[in-house]
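Visitor: Below are the chains, spelled out letter by letter.
There are 4 protein chains.
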Amino acid sequence: MTIKVGVVGAAGRVGTAVVDGVKAADDLELVATVDKDDALQTLVDNGAEVIVDFTTPSAVMGTLDFCVNHGIHCVVGTTGFDDERYDQVRAWCEANPSVGVLVAPNFAISAVLTMAFAKQAAPFFDSAEVIEYHHPTKLDSPSGTALKTAQGIAEARREAGMGEMPDATEQSVEGSRGADVDGVKVHAVRMTGMVAHEDVIFGTQDQSLTIRQDSYGRTSFVPGVLTGVRGVAERPGLTIGLDSYLGL
Amino acid sequence: MTIKVGVVGAAGRVGTAVVDGVKAADDLELVATVDKDDALQTLVDNGAEVIVDFTTPSAVMGTLDFCVNHGIHCVVGTTGFDDERYDQVRAWCEANPSVGVLVAPNFAISAVLTMAFAKQAAPFFDSAEVIEYHHPTKLDSPSGTALKTAQGIAEARREAGMGEMPDATEQSVEGSRGADVDGVKVHAVRMTGMVAHEDVIFGTQDQSLTIRQDSYGRTSFVPGVLTGVRGVAERPGLTIGLDSYLGL
Amino acid sequence: MTIKVGVVGAAGRVGTAVVDGVKAADDLELVATVDKDDALQTLVDNGAEVIVDFTTPSAVMGTLDFCVNHGIHCVVGTTGFDDERYDQVRAWCEANPSVGVLVAPNFAISAVLTMAFAKQAAPFFDSAEVIEYHHPTKLDSPSGTALKTAQGIAEARREAGMGEMPDATEQSVEGSRGADVDGVKVHAVRMTGMVAHEDVIFGTQDQSLTIRQDSYGRTSFVPGVLTGVRGVAERPGLTIGLDSYLGL
Amino acid sequence: MTIKVGVVGAAGRVGTAVVDGVKAADDLELVATVDKDDALQTLVDNGAEVIVDFTTPSAVMGTLDFCVNHGIHCVVGTTGFDDERYDQVRAWCEANPSVGVLVAPNFAISAVLTMAFAKQAAPFFDSAEVIEYHHPTKLDSPSGTALKTAQGIAEARREAGMGEMPDATEQSVEGSRGADVDGVKVHAVRMTGMVAHEDVIFGTQDQSLTIRQDSYGRTSFVPGVLTGVRGVAERPGLTIGLDSYLGL
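Residue numbers (this note's numbering), protein chains in the order written: chain W, 2 to 249; chain B, 2 to 249; chain S, 2 to 249; chain R, 2 to 249.
Wrong hints could be hidden among the right ones.
All copies of an identical chain are treated as equivalent in the list; a pair is satisfied when it fits inside any one copy or across any two copies.
[Unchecked claim] Derived BS3-like pairs: lysine-lysine, alpha-carbon spacing no greater than 30 Å straight-line:
id	residue 1	residue 2
1	K24	K120
2	K24	K37
3	K139	K5
4	K24	K5
5	K149	K139
Hints were generated in silico from the structure; no laboratory data involved.
These figures come from a predicted structure and were not determined experimentally.
When you get a sec, could you build the whole thing from the sequences and use the hints?
Guide: Quick look at the structure:
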């Protein structure tokens, strides 16, 4: 039994990769694609059970209203959600209690797992630092993912009652010890040829643990979207973030 | 408030490292050490609240009998436990319901976390392989930890209903693709200078996740033992394995 | 002063990347492109000083004959060269002693350097192993580059009078220790998402040295081709392989 | 035929490791050890062909004077050499033209090779950065080796006429992009459990090259010293630095 999938925003860069991913999966069937000027009714007419939406903040709420009220589950990567929007989605879901909606800011499974594992490991290691590597056309340093990883580590250490990390540095060339993000050092490397990579390193007596995430291309969100499509019918109501889908 | 700790088998290689670790920890106090010819009563006389036992299969059950029945919590790395022994320990604990006993085959936190994270990640990646690196005087290949890691991955894949990993290899120099452990390829490197290291690598569309564990010396079990000492009073009864102490 | 470049085979996958690379380089100027049905005379008419040829074994010799005899330097990645062909190219060069021809089987600078550094390091380390990582659609295992790297290490060890590497393995799961290539162990990993990567690892007392090469995409030959274009005029006669251009 | 070796400063930490190294090598024979209060004549009496000296700036010149004038080759790791001292050693060597003296600031082969390979690779990559990792009790940041590596890269880029590395960073958390060492970014990680490790990373179109050096313990200088002992008789006169012994 395959799951019948509709893709909204199918002509965009992300939508195109989602369409390819759905087509390549044996257990999924692409039954409808919708773009800017297409009627949402085509999703119903073609029997879509789940839709994937990577569109725009101005379009997504109309699509969710329509789909939830027509009993179609939704996997959403579109940005621009705030508490007000989440409350609205929850209200629609309450009126349609069998429908599931997943809204996630990040569908890259390896990145989501890296952040989760980092939080889990943090309380058991004296030291923790983050190094991220990106192509040199990136404008911000460090990356948002590295910042979030460091903040997660810092929070886990605080909750465990841990103090500052050991660091006897007395003489330092400015910048060599990295950026201080809530007490966690973060280093950013910019390197022609690289895509997006992150090392989260933990150390304690006679050992270290490194969690490394590599992105080699621009479609690394696809497996996470398909994981969402496969699981959304079993998770009625609104879910924010992919974590629970990954057993985290 | 410090925890009063006794170390049984304090003169052994492992015991010596545990003694050093307890002494170095601000929240722990070493109140007694016991060796082959010493009376266990010294643990009671010095007010030990928790003991650490790295001794021999022939000695450990007597120590546990004594300690549990005197209300002393136990953290045990001694080998040789089987179901019969575990049942005996459970019986002693039932008679002393406030006492906790932790028996763990592996106290290296980074190795325990690596195996747990590997199982957790396995269902979400098409490919998974294990590479372990050891000094060239090691007799077995691959290491026990690598075997166990691969078996954990294989089990997690089976439970998730995953099939074989993709591998189009047609022409192969014998051995190049590694050992097949329940369908997971395992590679063993032997390298002068190295100690004990492991890469667990997962891959899916446009991304990979690598969990790397490095042991740099022979006392990497100490932080895990101290984690056990700090948590054993809050976990009455018998616990097997450090996992639950690490929030796994 | 820019170098005027012509690209032969400009419409092919490789040729297209070379064209883009030449266009993007400040010190190079693309003056002519030639494809199957185009006359070579266009190279002369447009003043090409250097041509790049990634075409077919059946086409390349005619192009070289024409270019060398018209005083145009040649950078060639086309396959199919044997001693007879090299002798023919040398004869043309002797008749035109100011012209340089570079024929190289591999223009990926990081791979060429990795092999060269591996040979250089080999005599000073007790242990050496090679691990290569590729996408799972690759048909051969290990990769040709990994084989060549291992053979280079083996040769350097022989020349230095070194014996077998230390390896005490007694109990082994078949394949775990990798393929034996002239006494050097080679391991091949197949991983969805990966492109082409290689670790060459050396170990001696209390230390290891790892040379890691990562290819993230299909145009990694371009910088090597441009290095050839910039240097070919200073190296009259036939040069085989990029090594001398890299100061090796 | 074994080489007869004397160790001066044999009781020190370094000397002890050298003694162990010489004893373990099949082609070397330990014939004499000398410490503070021992007469150098014992080296002559026992037929030492080569001595190893890891002592103090105040002791080393007397030892070199004695040895060179008695026809004994010298491998020296003692610090404190300046131009005046080097000139003095050269003068002794001129009077004894068959004698070789090697004075090296760094005998860790993997570190010496890393620095040499980094210089060699630098002209062929758009980007280069250095990351070093040490135990958290280290006082300086970055390490001297990392500084020297970065300076070598910067010099090689200057000689090749290369400009600044690409870096589009506009928004940066202070320190995240590392220390600027002659235009090369250097990052320092401090991590409990680690010893001394360095990554030198180079990137260009669709590829990267990483040279990684790991020190796992305190005797990583021994193989370099033994390489010196084996080669010093063939290199009469004064040699500074291990590079030429490594074919660099």
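Visitor: With identical chains treated as interchangeable, where does the CA-CA distance between K24 and K120 reach 30 Å or less: within a copy, between copies, both, or neither?
Guide: between (35 Å within a copy, 28 Å between copies)
Visitor: Pop the pair K24 and K37 into one bin, within, between, both or neither, using alpha-carbon distances up to 30 Å.
Guide: Only inside one copy: K24 and K37 sit 21 Å apart there, 37 Å across copies, limit 30 Å.
Visitor: Go through the copies and call it for K149 and K139: within, between, both or neither, with a Cα cutoff of 30 Å.
Guide: For K149 and K139, the Cα distance is within 30 Å both inside one copy (17 Å) and across copies (28 Å).
Visitor: 30 Å Cα cut-off: does K139 pair with K5 within a copy, between copies, both or neither?
Guide: neither (38 Å within a copy, 32 Å between copies)
Visitor: Pop the pair K24 and K5 into one bin, within, between, both or neither, using alpha-carbon distances up to 30 Å.
Guide: within (11 Å within a copy, 46 Å between copies)
In summary, the structure is inconsistent with hint 3 from the numbered list given earlier, while agreeing with all the others.
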